[in-house]
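Work the whole structure out from these sequences, hints included.
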Amino acid sequence: MSGSLLSTDVLVIGGGLAGERCAIEAAAAGHNVLILSLVPPRRSHSCAAQGGMQASLGNCVKADGDNPTLHFLDTVRGSDWGADQEVARIFAEEAQIAVRELAHFGVPWTRVRGGKNSYFIKGERVEIEESIENDGLIMHRDFGGTAKWRACYAAAGTGHAVLYAVDSEVVRLGVEVRDRTEAVELIHDGSRCWGAVARCLRTGEHYPILAKATVIATGGYGRIYGQFTTNATINEGMGAAIALNTGVVPLGNMEAVQFHPTGLIPSGILLTEGCRGDGGYLLNRDLHRFMVELEPHKQELASRDVVSRHMAQQMRDGKGVETPYGPHLWLDIRHLGEEHVTTKLREVFDITRDFVGLHPAHDLIPVRPTQHYSMGGVRVNKDGEAYNLAGLYAAGEAACWDMHGFNRLGGNSLAETIVAGRIVGRTVAAHAEGFSLDAKTGLAFGATRHAESRAEDWLGRSGDGPSVYELRDAMATTMMDKVGIFRTGEELQEGVDELRTLLGECDRAVLRSKAPGMNPELTFALRLKNMMRLALVTTEGALARTESRGAHYRTDYPLRNDAEWLNRTLVRWSVDAPEPNYSYEPVGLIDLPPGHRGYGSDERIELTMSVEEYNADVDEKQREHGKLETVDPIGTRIQWGAWEQAV
Amino acid sequence: MTAKTTQAGRRLRFEIFRYNPEDPESTPHMQTFELDETPYMSIFIALNEIREKQDPSLQFDFACRAAICGSCGMMVNGRPSLGCRTLTSDLPDVIKLHPLPVFKLIGDLSVDTGTWFREMVEKTEGWIHAQEAFDPDAQETRMDDDTAAAIYENDRCIECGCCVASCGAANVNEDFLGPAGLNRVARFAMDPRDERSDADWFEVVSNQDGVFGCIGLMACHDICPKELPLLEVYGYLRRKALSSAMSKRG
Amino acid sequence: MNTISPTTTAKRQLTYEVISGGSGLFLALFMWGHMVLVGSILTGERGFNWLATMLEDYYIAQPTVAAILLLFVVHAVLASRKIPAQLRERRKMLELSKGLNRSGREKVPSASQFSPFHPHTESLLWIWQVRTGMIILVLGSFHIILLGMDVLTELFGTRVGIEAVTTMERVQAGLWLPYAILLVCVEFHASIGLYRLATKWGAGAMLSRTAIHHIERVLLWFFLGLGVVVLLVLAGVIPPPLAFLLGGGS
Ligand SMILES: Cc1cc2nc3c(=O)[nH]c(=O)nc-3n(C[C@H](O)[C@H](O)[C@H](O)COP(=O)(O)OP(=O)(O)OC[C@H]3O[C@@H](n4cnc5c(N)ncnc54)[C@H](O)[C@@H]3O)c2cc1C
Ligand code: HEM
Ligand code: HEM
Ligand code: SF4
Ligand code: F3S
Ligand code: FES
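Residue numbers (our numbering), protein chains in the order written: chain B, 1 to 647; chain V, 1001 to 1250; chain Y, 2001 to 2250.
Note that these hints are calculated values from the structure, not bench results. Every value quoted in this text rests on a predicted model; they were computed, and no experiment measured them. Virtual Cβ for every residue (Gly too), placed ideally from N, Cα, C. Don't take each hint at face value.
Stated by the list, open to error - Pairs of lysine-lysine residues, derived as DSS-like cross-links and limited to a Cα-Cα distance of at most 27 Å, are as follows:
| id | chain 1 | residue 1 | chain 2 | residue 2 |
| --- | --- | --- | --- | --- |
| 1 | V | Lys1226 | Y | Lys2107 |
| 2 | V | Lys1053 | V | Lys1123 |
| 3 | V | Lys1123 | Y | Lys2092 |
| 4 | B | Lys116 | B | Lys62 |
| 5 | Y | Lys2098 | V | Lys1226 |
| 6 | V | Lys1104 | Y | Lys2011 |
| 7 | Y | Lys2082 | V | Lys1123 |
| 8 | V | Lys1226 | Y | Lys2011 |
| 9 | V | Lys1104 | Y | Lys2082 |
| 10 | B | Lys62 | B | Lys344 |
| 11 | Y | Lys2082 | V | Lys1096 |
| 12 | B | Lys344 | B | Lys298 |
| 13 | V | Lys1053 | V | Lys1226 |
| 14 | V | Lys1053 | B | Lys514 |
| 15 | V | Lys1123 | Y | Lys2098 |
| 16 | Y | Lys2098 | Y | Lys2082 |
| 17 | V | Lys1226 | V | Lys1104 |
Stated by the list, open to error - Computed far set for chain Y versus chain B, every beta-carbon distance over 12 Å:
| id | residue |
| --- | --- |
| 18 | Arg2105 |
| 19 | Gly2202 |
| 20 | Glu2216 |
| 21 | Pro2241 |
| 22 | Leu2242 |
| 23 | Leu2245 |
What follows is the structure in structure tokens.
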């Protein structure tokens, strides 16, 4: 039941910000571009970002003196030195252009109001006089982990406004988008990627798409944590999975997963940090404010990971409120008063009103720590080209480009999608020429048949195996309990064991419905094993990494260990291979030497060699791990030592 | 009171429209499911529960489940609503679910809003029309913050299609731009970066498929889950049409 | 004529829209004035006759009848453009409007204070506007022609023109029924029409929709009440309540 073959110059898998921005660049260069997306592009999860997008324009008083170097510094520190510093530098430089270009595309950025302004800073009202000279320039707001106010924003809907503006450009350029279409397998010959097999989510039909360049921009994979995530239901990581399935393309740093303390129960919707910033409390089942004893100093305002860890412990100790959706704790902002709650925390008010029917000025809000962002993904070089497989690219949250290392800063990911989209789009435009696709038809139909046979296999099963949803829930519980906010070797090992069992169960699972068409159960079943594979490499990566870095926190190895672990986990795992294969490459060239992040603990195990020694063979080692040739040689974009004037 | 942890343990009855066009044996009909209500249950939670435990072939769309992506518009007891933000506790014991009208049916509760909205954007040319190319080295063009805020207000539409489905006029005139389409026109018409003239807009707006297709039913305004000021949009467009026609005469 | 410039079409559409709304507005204003004039009966037959004679003698009544008849026809023609031609479409609108109107009427004890389920009535009111419009078309035409004959001929009574005696005679003879129906229809149709007109052209920018709705309601009940009293007097059920002003009845 396969459809006819399509071919295009550039195939972009994913209609979120990263994918669409990349498509625009390639289409503007005159290429034929096709975008695939699970949902209409504007429904991609990029639309959920509210907070802002980092770019060091330095337009308001609190941003005065900001520049790309400061942005670079914050990003590298934020990453706990796990980032590729050249990429972080490129990013910081181009984020400014990205934001301004978006203004050109029509984003209604909030603007500087010259004259007296009144802001809320750490719960206090502050009057600040903005210069008249800057009136009408793009305004900034404050985000965690940055030296200046840097996040550009469009009221409370930055991601939405940016995604709509970018998609408008896509429509203007007449780029074809196939929504409700899923890429289920890459077409490749082991050294070059030639497109992907698509599955139509209207009809269930498979068909091959041949392309000279293929871009994976499928976003994060938070859904391996089931409903314990702030991510959309479509963030199931299929882009990363189909890359992993090739067996040649490595995924990077899958164990680097960010959590947020206050996801709303039962749906996991994010409640902003502003709740605690403005003075909210966390309470357990006994309505006891546990953070006061546990962190006498910073209380609820300790860093995200610390707060999340204490919350998880409370729930483990049976101090959580039990519900059919699992345990939760309470967020209490009642004492802030009706006026504050409905104005300054309006989004929180709206969310609690709409999703739990509560009034935050009168009721407690049910929350729990929740998976939030995937730092890991398809490992690519600085041009965005995947390791080992020419013609395959990745951008956005799906990629491990790697400017986030082990912890991404708020506002940096929206900026990444646009900056990376531009860069990858440019590379793709330059590379998607001079190939003939004619000879690849056999390869394409082979891959399509393979994909179809997986669906047939599911439809052919009978008996009384477990349901796919049961297995998904089991995976989610394992991930949340064993590979959550704080990790120990013992639990990670349990997690690995459980996941391996579940992976075996996948082959026993049966469908309850054989309905023709897209069949929602089949659609999910086809993803299930892929998700489990991602979950397993995440867990094993975390088990192997015997240190704590950024969001990866091992209670049994609480220190960052630059002597042994200043590297990036790479994992390859072909669909047919029994075991994943792990290896470690240097993080990249180091400009800013590893040091104290400026927050959190200052204790760590120092690098044993000099930075120069570390840098000496970075390029060579990365090539050994599969890095492909870049347009400019490694290191050309680093501004060596520029940070010295800034610190 | 501290918090509501449970609600009255009700048994809910869902009457759901079923039809799978891909299945030659399927005919449109209503199917009933029963479910125990749990705390904070939304239509999103309920439908997933039904699909996972009772009928895995049930089709519906959710993505963000946070009222921001616009995927989950459906008729809940006769009213177009976002399933993800509709709590069962606000509904009677019997809950009737239908797909949104106007849009092409994909199956059961799932409709093709994506194609409709893409065509709407193409028809209204819903992008900034500017002569000058982007200059990466230049500072951003200034804009008054009030103007930015006003544009944002109309930019907030999440293309859920609830307004279109609720509009009697849109239900009978498929060429009508519809509430969301008119809103999109207004969003670009008020944007100083867009260089289209009043005369250009006049042609888009001043006809039965444009703002005069609206007969003032006001359902759109009442239903829009994002509470967009849609009635103000039509007033703005009508007055703009009038003034541009008058100014050309003068 | 095979090419029509889009601008011409847009302009013509605008003209139609303005005339259709404007005629409605004028008719509504006329109806208020009309109510005050016919209301002169409240002061007794003398007052009524005096006013009628005055309007006729100064040749105000005759052209008014012609003008109103014209406006009436123009409005009916232009406004009916918006009524869906097909029965299927009208049925669809009715079903939708009913659903929106029912939604949220059921009492749900667990509903939160924020429940979005509020009945929406304006869509259904539009359908009633169409229905009343149809009735007005029939009864109104009859009435205008009747009065036209009154004003212009000697057909009824002893003199050319409107006269209290003939008026009351025919009302008592049975015309009270069509008049009562016409009265209710006109007041309803006009008040909801004005409310719609105001929101459509963006009065919402100055007055909130609730405020407009309230004004509309007050006008509706005031003129409806007045009309009923007038009709009762015409039908001889009650004596003219304001007769004392002119010092007595007939
Ligand atoms: C609640 C929340 C708030 C956030 N707030 C901020 C913030 O304030 N600032 C910030 O910088 N970042 C924020 N982030 C992070 C940021 O929004 C995301 O990292 C970013 O938008 C990801 O964009 P993307 O283009 O990579 O992916 P997405 O926007 O997720 O797009 C993925 C696309 O891929 C498609 N797709 C997926 N799989 C397939 C497949 N197999 N075949 C075909 N198509 C496929 C999907 O349909 C979709 O179109 C937030 C994230 C969340 C969850
Ligand atoms: C004295 C008689 C009448 C008065 C005072 C009157 C008044 C009005 C008013 C004020 C409006 C609102 C106009 C607008 O929103 O654009 C309106 C609309 C309408 N009228 Fe009348 N009308 C009268 C007779 C009729 C008749 C005879 C019909 C016959 C069918 C009719 C059908 C309509 C319709 C269908 C509308 C809605 C048009 C739209 O929404 O655009 N009316 N009327
Ligand atoms: C054209 C000019 C009109 C004139 C001169 C006129 C005059 C009159 C007169 C004299 C009466 C008293 C009853 C009678 O003599 O039969 C009357 C009553 C009435 N007319 Fe008219 N009329 C006019 C137009 C209209 C229109 C257009 C409508 C509505 C569509 C209308 C609706 C009514 C109603 C409802 C009554 C009953 C009075 C009441 O109960 O208040 N008239 N009119
Ligand atoms: S205007 Fe409102 S109801 Fe209509 S599509 Fe936009 S958000 Fe949905
Ligand atoms: S419901 Fe429809 S008719 Fe107009 S006021 Fe809204 S667009
Ligand atoms: S699922 Fe996104 S709006 Fe409901």
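To see whether the hints hold, each was checked on the structure:
no. : hint                  : verdict
1   : Lys1226/V / Lys2107/Y : holds (25 Å)
2   : Lys1053/V / Lys1123/V : violated (43 Å)
3   : Lys1123/V / Lys2092/Y : holds (26 Å)
4   : Lys116/B / Lys62/B    : holds (13 Å)
5   : Lys2098/Y / Lys1226/V : holds (23 Å)
6   : Lys1104/V / Lys2011/Y : violated (33 Å)
7   : Lys2082/Y / Lys1123/V : holds (23 Å)
8   : Lys1226/V / Lys2011/Y : violated (33 Å)
9   : Lys1104/V / Lys2082/Y : holds (24 Å)
10  : Lys62/B / Lys344/B    : holds (19 Å)
11  : Lys2082/Y / Lys1096/V : violated (31 Å)
12  : Lys344/B / Lys298/B   : holds (22 Å)
13  : Lys1053/V / Lys1226/V : violated (32 Å)
14  : Lys1053/V / Lys514/B  : holds (15 Å)
15  : Lys1123/V / Lys2098/Y : violated (31 Å)
16  : Lys2098/Y / Lys2082/Y : holds (19 Å)
17  : Lys1226/V / Lys1104/V : holds (23 Å)
18  : Arg2105               : holds (19 Å)
19  : Gly2202               : holds (22 Å)
20  : Glu2216               : holds (30 Å)
21  : Pro2241               : holds (52 Å)
22  : Leu2242               : holds (53 Å)
23  : Leu2245               : holds (56 Å)
Consistency with the previously given hints fails for numbers 2, 6, 8, 11, 13, 15, ordered from lowest to highest.
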